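Peer 1: Now for the letters of each chain:
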Amino acid sequence: MSLSRAFFAVIRRDLVLALRRRSEIANPLLFFILVITLFPLGIGAQPHLLQAIAPGIIWVSALLAAMLSLDSLFRSDFDDGSIEQILLSPHPTTVLVLAKIIAHWLVTGLPLLIVAPLLAVFLGMPNHALGILLLTLLLGTPVLSLIGAIGVALTVGLRRGGMILSLLVLPLYVPVLIFAGNAVQMASGGLPVDAQINILISILLMALVLAPLPVAAALKMSIN
Amino acid sequence: MFLIPDPVVRFFHRMASPPHFYAFTQRLMPWLVVIFLLLTAAGLYGGLYLAPADYQQGDSYRIIYIHVPSAWMSLFIYMVMAVAGGIGLVWRIKLAEIVAISSAPVGASFTFIALVTGSLWGKPMWGTWWVWDARLTSELILLFLYLGVIGLYGAIDDKRTASRAVAILALVGVVNIPIIHYSVEWWNTLHQGPTVTKMDKPSIHVSMLIPLLLMAIAFKFYYLIAMLQRARTELLLRERNAQWVKNMISESK
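Just so you know, the sequences run in chain order S and P.
Per our numbering, the first sequence starts with residue 6, numbered consecutively.
Per our numbering, the second sequence starts with residue 523, numbered consecutively.
For reference, chain S alone in the conformation it holds in the complex (with noise of 0.2 Å):
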């Protein structure tokens, strides 16, 4: 089997399993929307503090949605074995790794583009921002994806590892909320966004070079 075909294999595997699965794609957009909700509740129905706030509440919900998923990526292969074949096969750990992980993103990270205009219109945000929130979601939750799943390499062996997990990956997110979140509120503010949107481009592409090293290093460790 030539490499992109088994690349490919390895995607339709992961979307027809999560199809047969469909609460796995539910719960994290459920609670990406949960915790959009709460926020309004817990401040009080003040809408220009809910239109100041909305890219930050959404980025923030973005991320702890995408971390909640994390743990979806590796653990069945853990344990039926498949992540053993993926180490076994001739083909290079690191593109079936990151096969892997786009699938996961096609799972998880895209619902969240579908469903995150409406959130925003619901917390006020203006509608010419809305593009740039798009934008920045297409391009900020790979990455989510992609660092999160060095996380999840380093702690699928664990029986508690998802405490550890969300210390070990946020901080990491730190650098894709910065930049995500201020082209929101500046696109809101109808500033230009365009520094901010080619860092999240060049971060999207580093991590889509460099975190599958991590990731193959960390899946063999956690095999021993």
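No wet-lab data here; the hints were simulated from the structure.
Errors might be hidden in some of the hints.
Example chain P residues on the side facing chain S (calculated, C-beta under 7 Å, incomplete) [unchecked claim]:
1. ILE663
2. LEU674
3. TYR675
4. THR683
5. ALA687
6. ILE702
Here are the computed distance ranges between Cβ atoms for each label pair [as the list claims (entries may be wrong)]:
7. S:ALA14 x P:PHE546: 50 to 56 Å
8. P:ILE739 x S:GLY47: 47 to 53 Å
9. S:PRO97 x P:ALA563: 55 to 61 Å
10. P:ARG549 x S:ASN229: 46 to 52 Å
11. P:VAL638 x S:ARG164: 30 to 36 Å
The structure presented is a predicted model; accordingly, all values stated were derived computationally and were not measured.
Quick reminder that beta carbons are idealized off the backbone N, C-alpha and C, glycines included.
Using the hints provided, position chain P relative to the given structure of chain S.
Peer 2: Chain P only, in chain S's frame:
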């Protein structure tokens, strides 16, 4: 390897052997403690007594003799940890792994000290314990990175595996630290920052600089002492079934 002189190579080969490392650090320890005490005494005397009071900040500025060296150490130790971890990962040298993980709590402590002394200084100077200043924020995130390393090491039962996990995490952190640092700095300058932090930094006078450098070197020695003590204990724990540990214990009885 032909570029490195032979005695140096031999020294590192011998240091990689646990019994030799244990004996060598035992002989080294008193010297390190003496140098550390001398440097600290000289640094504190120079900093707290000889150096003049600052014309703007009075005597409050003297906290920098703890604060600044701690902040330097917090980054330095993370680098040491990542390099030692990387060496352990590539060449599977047990002692490099032990040095890496023994550095983490010391580094976390220095980071914590830097944060606490910074906020103690900030209260009289800026009138607030905490500002979301770029440096403070990135130092706080550095503390979280250290806690992640310590937590991950504690969560994995097999300590050889845990060392490899920690090494991978530390290396990922090293790539991220500059990105985090610059993103936080950028975030801060974009928000209208509090003007109190925009004080012009006066270039430091030599009578203040010398004690500061003395303290910085003293802290390096303190790190060596604390890290080596932790490493020796960790080594005994891991090698508790080895013959040389049994011999040593039976000899000391």
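Peer 1: Each hint: holds or not?
Peer 2: So, going through the hints one by one against the coordinates:
1. With its C-beta approaching chain S no nearer than about 5 Å, ILE663 (chain P) sits inside the 7 Å limit, and its interface hint holds.
2. Checking LEU674 (chain P) against chain S: minimum C-beta separation of about 6 Å stays under 7 Å; hint holds.
3. Interface restraint check for TYR675 (chain P): the shortest CB-CB distance to chain S comes to about 10 Å, outside 7 Å, so the restraint is violated.
4. Look at THR683 (chain P): its Cβ gets to within about 6 Å of chain S, closer than 7 Å, so that hint holds up.
5. Among the interface hints, the one on ALA687 (chain P) holds; its C-beta lies about 5 Å from the nearest C-beta in chain S, closer than the 7 Å criterion.
6. Below 7 Å, beta-carbon pairs count as interface contacts, and ILE702 (chain P) has one with chain S at about 5 Å; its hint therefore holds.
7. Roughly 54 Å separates the CB atoms of ALA14 (chain S) and PHE546 (chain P), a value that falls within the hinted 50 to 56 Å.
8. As the Cβ distance of ILE739 (chain P) to GLY47 (chain S) is approximately 50 Å, the hint placing it in 47 to 53 Å holds.
9. As the Cβ distance of PRO97 (chain S) to ALA563 (chain P) is approximately 57 Å, the hint placing it in 55 to 61 Å holds.
10. Against the hinted window of 46 to 52 Å, the Cβ-Cβ separation of ARG549 (chain P) and ASN229 (chain S) comes to about 36 Å, which falls outside the hint.
11. Between VAL638 (chain P) and ARG164 (chain S) the beta carbons are some 35 Å apart, a value that agrees with the proposed interval 30 to 36 Å.
In this structure, the hints that do not hold are numbers 3 and 10, in rising order.
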